[in-house]
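Protein sequence lines, in the order shown, are assigned to chains A and B.
The numbers in this note's numbering rise by one with no breaks, and the one at position 3 of the first sequence is 3.
The numbers in this note's numbering rise by one with no breaks, and the one at position 220 of the second sequence is 220.
In short, the hints are calculated from the structure, not lab data.
Glycine included, each C-beta is placed from N, C-alpha and C at the ideal position.
Among the hints, erroneous ones may be present.
[Said to hold, decoys possible] Estimated spans, in silico, between C-beta atoms of each pair: (1) LYS3(B) with GLU15(A): 43 to 49 Å; (2) GLY18(B) with GLU117(A): 55 to 61 Å; (3) GLY18(B) with GLU15(A): 21 to 27 Å; (4) GLY116(A) with GLU716(B): 18 to 24 Å; (5) SER372(B) with GLU15(A): 38 to 44 Å; (6) TRP14(B) with SER40(A): 20 to 26 Å; (7) PHE391(B) with GLN141(A): 39 to 45 Å; (8) GLU716(B) with GLU117(A): 17 to 23 Å; (9) TRP760(B) with ILE65(A): 55 to 61 Å; (10) SER425(B) with SER174(A): 39 to 45 Å.
[As the list claims (entries may be wrong)] The calculated lysine-lysine pairs, modelled on BS3-like cross-linking and capped at a C-alpha distance of 27 Å, are: (11) LYS85(B) with LYS65(B); (12) LYS783(B) with LYS112(A); (13) LYS284(B) with LYS82(B); (14) LYS12(A) with LYS85(B); (15) LYS702(B) with LYS497(B); (16) LYS119(A) with LYS702(B); (17) LYS481(B) with LYS702(B); (18) LYS7(B) with LYS93(B); (19) LYS112(A) with LYS702(B); (20) LYS521(B) with LYS481(B); (21) LYS119(A) with LYS719(B); (22) LYS12(A) with LYS17(B); (23) LYS567(B) with LYS56(A); (24) LYS719(B) with LYS56(A); (25) LYS568(B) with LYS604(B); (26) LYS719(B) with LYS112(A); (27) LYS56(A) with LYS229(B); (28) LYS702(B) with LYS161(A); (29) LYS481(B) with LYS552(B); (30) LYS702(B) with LYS159(A); (31) LYS119(A) with LYS56(A); (32) LYS182(B) with LYS229(B); (33) LYS82(B) with LYS65(B); (34) LYS12(A) with LYS15(B); (35) LYS783(B) with LYS12(A); (36) LYS637(B) with LYS116(B).
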Amino acid sequence: MITIENLEKVYKTEEIETTALNGINLHVATGEFVSIMGPSGCGKSTLLNVMGLLDKPESGSYKFIDTELLTLNDRERSNFRKRNMGFVFQNFNLIDELTVFENIELPLIYNKVPAGERKKLVNEIIGRMNIVNRSGHFPQQLSGGQQQRVAVARALVTKPKLVLADEPTGNLDSTHGNEVMELLCELNETGTTIVMVTHSSHDASFSNRIINLKDGHVISEKINKGKTEELI
Amino acid sequence: MFKLNLKIALRNLWKNKGYTFINVIGLSIGMASCILIFLFIRYQLSFDEGIKNEDRIYRFVTEWKYDAFDDYSNAVAIPAVKVAKNEIAGIEKSAAIFRRWSILRVKDASGKDLFKQDETIYYVEPDFFDIFGMRWLTAKPTQALSQPNTVALSETAAQQYFGNAQTAIGKTVTMANNTPLKVSGVFKDMPKNSSFPLNIMVSYETYPDKNGDCWDCVSSGNEFYVLLKEGLTAKDIEGSLAQFNKKNYADRKVAGNQVNKMEALRDIHFSEHYDNFSYNTISKTEIYGLAIIALFLIVTACINFVNLSTAQAINRAKEVGVRKVMGSLRKQLMLQFLTETFLVTLAAMLIACVLAELAIPQMENLFKGTVSIGLFQHPVIFVFMLLLVLFVGLLAGFYPAVVMSGFTPALAIKNKITLNTGGLSLRKILVVVQFSIAIILIISTIVVMRQMQYVQQKQLGFNANEVMMISLPNDSLSRLKHESFKERLLKIPGVNKVSFCQDAPLSPNINSSDFAFNGIKNKDFEVRRMKADEDYFDLFDLKLIAGKLFAKSDTANGYVVNETFLKKVHITNPQDALGKMINSTGQNIPIIGVIKDFNDLSLKENISGLTISAGKTSYWRAAIKLDTKQLFVADKKVEALWNSIFPNYIYYSKFVNENINGQYETEKVMGILFKVFAGVIIFISFIGLFGLMSFVATQRTKEMAIRKVLGATTFELVKMLNGSFLLMVFIANLVAWPVAYLIVNGWLNGFAYRMELNVWPFVLAMLITMFITLLTVSIRSYKAAVANTIDALKYE
Ligand SMILES: Nc1ncnc2c1ncn2[C@@H]1O[C@H](COP(=O)(O)OP(=O)(O)OP(=O)(O)O)[C@@H](O)[C@H]1O
Ligand SMILES: [Mg+2]
């Protein structure tokens, strides 16, 4: 599904230049669940942002199925993103002024889904996420785990082909963390491709494959046997 | 503590340079405008101040009550001058001051003119100097102007005529062609803010008509002043004045219920009905109007301040929280925030002074030198500035200080204070108020400009294109030359038509009088008596609709009247009017013709009932219709001819259309003032809006980033940010409309001929404000919408 070649990303600030990605090569198959690990500052988030079209690399190639994405202009990127990708962040990034229901509904609005259908889709996913009686609440009134479930729901409601998750359990205790991981696994089982950044090998054990980064390079890859067999 | 506050304040202001800049600019422009308006108002209020007995000095004015209307004059009948002091108890001193125009000359020993100039002169009674406490440059003349053929000069006039004040004493000035006047004193120049632009004062004894006994002749140049006895006011002598009026007017059967009234010296400049020698009055309404605009300006600027400060408050929540945890009292926090506000206000005031100083010459220009203002004119100006700083500091600083110092520390420290985005926040209301003010001014400006255009384009009913009015000497000697002058004028190539007359068809300088119609005394209106020769009608293209025009004649032998006259005497068919008699001069003269109506006064007034007749002694002007192509050449030749025929007089010429437009000078100035101040308020409002938008955009960076990740396009984001601002401005329009309607409608009612007030000025104001709003906020929201998303999402 995803083929990345020679990706380079340099951050230039007034004082220094940081090479966040230094020639990344990567392939992700359709339906795969990939974890990205590595020490702090090695470029994991940067890679995820590039994959999510939130950031532009200096050079390299990024093919999604057969489309080269790095040559798209802003509008095309934005359109591609909203049709194909969903995001989950460590810090949830919910809009404080909107209710749970409205937060989840938002991507559907931007995808121009008619109101009736939006309601149906949102309610369906709220049921799946086990947050039914919270739909009128504002984010500040929820626990961290609940907030992250809302964020996952929001990422899934458009039925994206690819979900990108950046340390989705980073702000959660282990119980809530496991809930979120199970949600992602369920999602993966229904055919959605997932790329997840994590520091936790426990979380990584839920995935099919683990990619290790260091200083902007891929230094190793490990196939998670138990999981892969399941997949086969 | 104060020093610390000051330090924190300065650092904070520096940290938020952008907002500080907007605050200071907005405030200083607002304050500068306020200062200018204050200077102007103070100057106006200072007219005729500082005269020793100013609260005991009164002017006698005359009032008439006809059945249909009232009439007013700043002057009195000549015989009143002699008897008032004796017949009215309580008058300590009285003095007539009559204005006339004359040519003055200074001759050398051989009788040759060293100097010759058309001057305004005043015949004054000697007590005038005492009443007004005039200051003498030369030793005070013991009998200043009690003798005939004496004159007192102002310092300027003395210098102009004789080099300096001392040498002028005892010298002779010749008035008209042969009246010698001996200089008996030189007085200090009158200040500019005086209703008495006195330059040359001739003894009243010299005045030829000083023994006139006509009680119903009131000529506008004849003013009369009294000084009441110590401790008395106008009220105290009302009874005595009533008796005087009864004895001299009612008992003499003077028409129109004529009476004299008294007007206090300090009210002269603000008179609505009575003119004065400086031709400079301003109504109190205009002064209040300006004061209100000043208030609008300062409120608008303060609203910016309040909006930006409260919006920023949230950024300072953490600081407040920490301080409170450390034990700071609310009072101390408020003091700190107020310190900040006062620093900004003070800085703004300094800039405002510079701006005002730069604008003063422009403002003086606008008023064509009739206004003289300066920042250092009077100590009260500094008091005003100080009060302005206090007022603005408190108005703009108090509310934000209360809000900021009121945060609960627990929430504040966690940075959990949120702006109340939903609902009706004070900020939104203030923005609506601010824009309502701007919109009211925009609408008023549009209406003032449109009405001026309307007035200038309105068909007046006569054709004055290329018609030049020149002065025409009209003493008995000059009159002998009129005939040949006219003949020779017509021979000049480029001169098409010539008519001798009193003035142009539209002119305030035409006398009116009561009259009898067919032997019956009319009580409804006064007829205006226009004098012109037989060529007048053709020259100005006045259309005859019944009867005929009068034939060449020196005196009135038949009247041509206008349609309005017929209407007012209830005649519907013009033919019926022919042959009816009008007596307005003691003589019955028949109506021989009727002409179509034309506007004989400014468009603020309705058309009057009018008679036009011959009257050689009243021809003060020659109207000359020139050929368009030879305008300039002909103009020069006319002047040369004039000077050769009337060498002792001074030539004057002006095109009629220029003169007509000159009548709307006040309105034009008002239009300009409106434009300028509307512009200033709009500017202040919009930089405030821009600041607020910047703030909102910053506040909502994270939200926008999330929305963008979820697929919002730039356009959708811009739309979202702009929406609430456009809504506010739209509401402001709705609020402003009724208020603006009342204001402009009231103003238009002052015109007899007013444009149709339709919906367009209102719609236009809406389009203008909505468009500028869209532009202002889009600049900022677009920047926010295209900004890089990720950074906003990364860190909490
Ligand atoms: N906006 C930016 N400007 C400059 N440098 C940046 C920026 N974003 C990231 N970097 C730098 O790029 C490098 C990679 O950052 P990245 O956020 O991808 O690391 P990470 O692997 O996600 O680390 P962590 O595990 O701590 O989240 C780091 O050295 C970081 O300092
Ligand atoms: Mg990271």
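Verification of the supplied hints:
Distance hint for LYS3(B) and GLU15(A): a CB-CB separation of about 35 Å, inconsistent with the stated range 43 to 49 Å. In this structure the supplied range 55 to 61 Å is violated for GLY18(B) paired with GLU117(A), their Cβ-Cβ distance being about 44 Å. Checked against the hint of 21 to 27 Å, the C-beta distance between GLY18(B) and GLU15(A) comes to roughly 24 Å, which is consistent with it. Restraint check, GLY116(A) to GLU716(B): a C-beta distance of roughly 21 Å satisfies the suggested window 18 to 24 Å.
Look at SER372(B) against GLU15(A): about 60 Å separates their beta carbons, and that is not inside 38 to 44 Å. At about 35 Å, the beta-carbon gap between TRP14(B) and SER40(A) misses the expected band of 20 to 26 Å. At about 44 Å, the beta-carbon gap between PHE391(B) and GLN141(A) stays in the expected band of 39 to 45 Å. About 19 Å separates the C-beta atoms of GLU716(B) and GLU117(A), a value consistent with the hinted range of 17 to 23 Å.
Remark: the range hint 55 to 61 Å for TRP760(B) to ILE65(A) is upheld by a beta-carbon distance near 58 Å. Distance hint for SER425(B) and SER174(A): a CB-CB separation of about 42 Å, consistent with the stated range 39 to 45 Å. For the given pair, LYS85(B) sits about 25 Å from LYS65(B) by alpha-carbon distance, which is consistent with the 27 Å threshold. The suggested pairing of LYS783(B) with LYS112(A) holds, with an alpha-carbon distance near 25 Å, which does not exceed 27 Å.
Of the supplied pair hints, the one linking LYS284(B) and LYS82(B) is violated, its CA atoms being roughly 34 Å apart against a limit of 27 Å. Between LYS12(A) and LYS85(B) the alpha-carbon distance is near 95 Å, which puts this suggested pair outside the 27 Å criterion. A C-alpha spacing of about 81 Å is found between LYS702(B) and LYS497(B), which places the hinted pair above 27 Å, so the restraint is violated. Restraint check for LYS119(A) and LYS702(B): satisfied, since their Cα atoms lie roughly 26 Å apart, inside the 27 Å limit.
Under the criterion of a C-alpha separation no larger than 27 Å, the hint pairing LYS481(B) with LYS702(B) is inconsistent with the structure, at around 92 Å. At most 27 Å may separate the alpha-carbon atoms for a hinted pair to count; LYS7(B) and LYS93(B) exceed this at roughly 66 Å. Between LYS112(A) and LYS702(B), the direct Cα distance comes to roughly 22 Å. Compliance with the 27 Å bound is thereby established for this hinted pair. Proximity of LYS521(B) to LYS481(B) is assessed by CA-CA distance (about 39 Å); at most 27 Å being required, the pair is judged violated.
A hinted pair counts as satisfied when its Cα atoms are at most 27 Å apart, and LYS119(A) with LYS719(B) qualifies at roughly 24 Å. Using a Cα cut-off of 27 Å, the hinted pair LYS12(A) and LYS17(B) holds, with the two alpha carbons roughly 26 Å apart. Using a Cα cut-off of 27 Å, the hinted pair LYS567(B) and LYS56(A) is violated, with the two alpha carbons roughly 86 Å apart. For the hint linking LYS719(B) to LYS56(A), the alpha-carbon distance of about 25 Å falls within 27 Å, and the restraint holds.
Annotation: proposed proximity of LYS568(B) to LYS604(B) holds, straight-line Cα distance about 19 Å (limit 27 Å). With a C-alpha separation of about 16 Å, the suggested pairing of LYS719(B) with LYS112(A) holds against the 27 Å cut-off. The straight-line distance between the Cα atoms of LYS56(A) and LYS229(B) is roughly 94 Å, outside the 27 Å bound, and the hint therefore fails. Proposed proximity of LYS702(B) and LYS161(A) is supported: the alpha carbons are some 25 Å apart, at most 27 Å.
For the hint linking LYS481(B) to LYS552(B), the alpha-carbon distance of about 16 Å falls within 27 Å, and the restraint holds. Annotation: proposed proximity of LYS702(B) to LYS159(A) holds, straight-line Cα distance about 24 Å (limit 27 Å). The suggested pairing of LYS119(A) with LYS56(A) is violated, with an alpha-carbon distance near 34 Å, which exceeds 27 Å. A hinted pair counts as satisfied when its Cα atoms are at most 27 Å apart, and LYS182(B) with LYS229(B) does not qualify at roughly 33 Å.
Pair hint LYS82(B) plus LYS65(B) holds up; C-alpha atoms about 24 Å apart against a cutoff of 27 Å. A hinted pair counts as satisfied when its Cα atoms are at most 27 Å apart, and LYS12(A) with LYS15(B) qualifies at roughly 24 Å. A C-alpha spacing of about 21 Å is found between LYS783(B) and LYS12(A), which places the hinted pair at or below 27 Å, so the restraint holds. With a C-alpha separation of about 22 Å, the suggested pairing of LYS637(B) with LYS116(B) holds against the 27 Å cut-off.
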